[in-house]
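Student: Mind docking chain B on chain A? Use the hints.
The listed protein sequences derive, respectively, from chains A and B. So for the first sequence, my numbering puts the first residue at 1; every next one is plus one. So for the second sequence, my numbering puts the first residue at 1; every next one is plus one.
Think of the hints as simulated: they come from the structure by calculation, not from any bench. Just to be clear, a hint being listed does not mean it is correct.
What the hints assert, rightly or not - Across the chosen pairs, the derived CB separations fall in these ranges:
no., chain 1, residue 1, chain 2, residue 2, range
1, A, LYS396, B, ALA47, 41 to 49 Å
2, B, SER38, A, PRO195, 20 to 28 Å
3, A, GLY207, B, ALA4, 35 to 43 Å
4, B, ASP2, A, ILE163, 28 to 36 Å
5, A, VAL36, B, PHE17, 45 to 53 Å
Think of the CB as a built atom: it goes at the ideal place given N, C-alpha and C, for glycine as much as any other residue.
One-letter residues, chain by chain:
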Amino acid sequence: MAMGDLFDKFQPIIDLRAGLLATGAEDPFSLVMERVLSPTQAVCNGRETILLGTYNYMGMTFDPDVIEAGKQALDDFGAGTTGSRVLNGTYAGHKAVEEALKDFYAMDHAMVFSTGYQANLGIISTVAGKGDYIVLDIDSHASIWDGCKLGDAEVVPFKHNDIEAMEKRLKRIPEGAGKLVILEGVYSMLGDIAPLKEMIRVAKENGAMVLVDEAHSMGFIGPNGRGVAEDQGCLDDVDFVIGTFSKSVGTVGGFCVSNHPKFEILRLVCRPYVFTASLPPSVVATACTSIRKLMHAGNKRAHLWENSRVLHKGLKDQGFQLGTDTPQSAIIAVIMPDLERGAAMWEALLKEGLYVNLARPPATPAGMTLLRCSLCAEHTAEQVQAIIGMFERAGKKVGII
Amino acid sequence: MDRAATAEKIAALIEPFNKKGVAIEDGSSFAGDLEFDSLTVMDFVAAIEDEFDIIISMNQQAEIETYGQLVDAVVKLRG
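The following block holds chain A by itself, in its conformation from the complex:
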């Protein structure tokens, strides 16, 4: 037998994948979008497809003002900065997008990272270090877990959205230790929201600082699109809001906004901010334009919510099992009986001309296989009806409904 090597630990997933592909299924994790026609349509694997698995919630990717701003910045500032934010990588555009974020959230400070992943990695690992305690929801995003690991703090998870479990753990932390509670506004796998108002009250009563990841709520939840904390009237009690440009904003990048008076020092001590190249000028220009337009997007928000309600009801009426009883966000998760039928359903939908996200453990809670639908403000009412029809046909073909 050949000697093994460091790749032996990947054998179970290699086998699982080979088994799935041997059934003749199209590979759900190697889809190529050959042409992108609009925020809601693309040519995927040779087929014209409705996109229902992107995070392009507000459809800003093809906004003419956004594109124009990007082109202009490319002409004026070049293709990239080739440097760190703290050395040669801060251009006028980086400051402008931070100003736009401060205006959007009505907060004192904004720090832009190269990705949303790095924003969580950087802020969490820098703020909570050795000897400090992080109390976090067990269903937190991978970037949050990785931030915890990088920072060396004591990591204490609690059951998803369980206020009592969180409170018990906070009360057991040794006196005098620093405490950070980490929550998300929308949990992206099932599309459910957190009872932030209660949780933040309990966190504050127990002397913890609070970080809320609002990646999946920015732009359309809350009166000004600032997220779930704004919607529940507790944004003022949040110490750090983490967000991303790669969802509603429509490009790539991550950020943290805060009112903490000493916030700016993080620029010098946060390694994932310092030791990486800053975003290209065209990206920050598109983000800046998009964020400012999102401040006045009331009609789009209303249409996105309408889409979410119609799709949720349509799928529920057909007998699909959904991640939430009511539509709570722009994500509607359809629960599959197992990975095999989940992959078959995913493929049947793709052949119908619909792209959704296939999500499976370890990304999903409780070992679930999910088909995650994320709606866009640019999906028309007709497209949503077409989507419901595709689900019906595919669901019957695969035998799920």
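Tutor: Relative to the frame of chain A, chain B by itself:
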């Protein structure tokens, strides 16, 4: 509570998660012998934490592989 009493209490808490009825000894490992997956570990740790009113952080969990090690850790955390 002495070590024996703590051990007994932990053994009782393992029971609902011990689907195959594996005999528990100090050397029994959670991942190998008891076949706990990550979801089971989470529920089980929460049960231990609530029973003894302690925190077993993920960092500490990484050092605990067997029943005997868990008993020792709980005794120590209880002071």
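Student: For each hint, tell me whether it holds in the structure or not.
Tutor: Tested hints:
no.: 1; hint: A:LYS396 <-> B:ALA47: 41 to 49 Å; in the structure: holds, 42 Å
no.: 2; hint: B:SER38 <-> A:PRO195: 20 to 28 Å; in the structure: holds, 25 Å
no.: 3; hint: A:GLY207 <-> B:ALA4: 35 to 43 Å; in the structure: holds, 37 Å
no.: 4; hint: B:ASP2 <-> A:ILE163: 28 to 36 Å; in the structure: holds, 35 Å
no.: 5; hint: A:VAL36 <-> B:PHE17: 45 to 53 Å; in the structure: holds, 48 Å
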